[in-house]
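Engineer: Sequence:
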Amino acid sequence: MYCPSCGKDVSSGLSYCNQCGARLSGPEADPRVLPASSFNMLLGAVVGIPFVALAIILMVMAALKNGMGFRDDMIFVVTFLTFLLFMIAEIGCVIMLITRTKGPKQKRTAPPISELHKMEEAVRSLGSPTYEPVPVGSVTDHTTRALDHAFPKDREE
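With this note's numbering applied, the sequence shown closes on residue 157, and no number is skipped along the way.
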């Protein structure tokens with residue numbers, strides 16, 4: 001099972017996502033409603049793709065004409081195929097923008113205390129090791145022993 005908010009993998013028994021705290025159970029969300037951030041990103045893509053496409057097409061035309069010496073008909077074919085690629089991307093984004101609606105901004109609320117206790121018990125029941133902070137030693141801890149003087153066995157100190 002995956003969190004609908006952040007997309008992280010969560011176990012099926014949880015009511016809230018361990019990563020972002022979004023509610024996992026409850027009424028099913030409408031798949032046509034996008035979170036506000038995703039909707040805004042899609043809107044930015046619809047506005048930005050034509051400008052990016054125009055810049056890339058002009059660069060491809062200039063590179064093919066001046067740098068590589070292609071004939072005009074070959075330049076037209078490559079430019080037209082690049083235009084079609086960006087047109088398909090633009091149409092896809094516009095269709096998604098038309099068929100989806102902007103959802104409300106999601107407030108990240110903390111789960112109730114009882115839910116937190118259930119999540120802690122679930123984590124403990126997994127038998128996973130706990131990770132305690134380990135003090136970090138000096139870089140030279142292991143190297144100074146190698147640099148100690150070696151005395152011959154017959155010499156006494």
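Among the hints, a few may not be true.
What follows is a list of derived Cβ distance ranges for each label pair [unchecked claim]: (1) 76 to 41: 32 to 38 Å; (2) 86 to 15: 15 to 21 Å; (3) 41 to 79: 40 to 46 Å; (4) 4 to 76: 44 to 50 Å; (5) 36 to 59: 40 to 46 Å; (6) 78 to 47: 35 to 41 Å; (7) 102 to 74: 17 to 23 Å; (8) 15 to 37: 21 to 27 Å.
Note that these hints are calculated values from the structure, not bench results.
Just so it is clear, CB atoms sit at the ideal spot from N, CA and C, and this is done for glycine as well.
Engineer: If any of the earlier hints don't hold here, list their numbers in rising order.
Structural biologist: 2, 3, 5, 6 and 7
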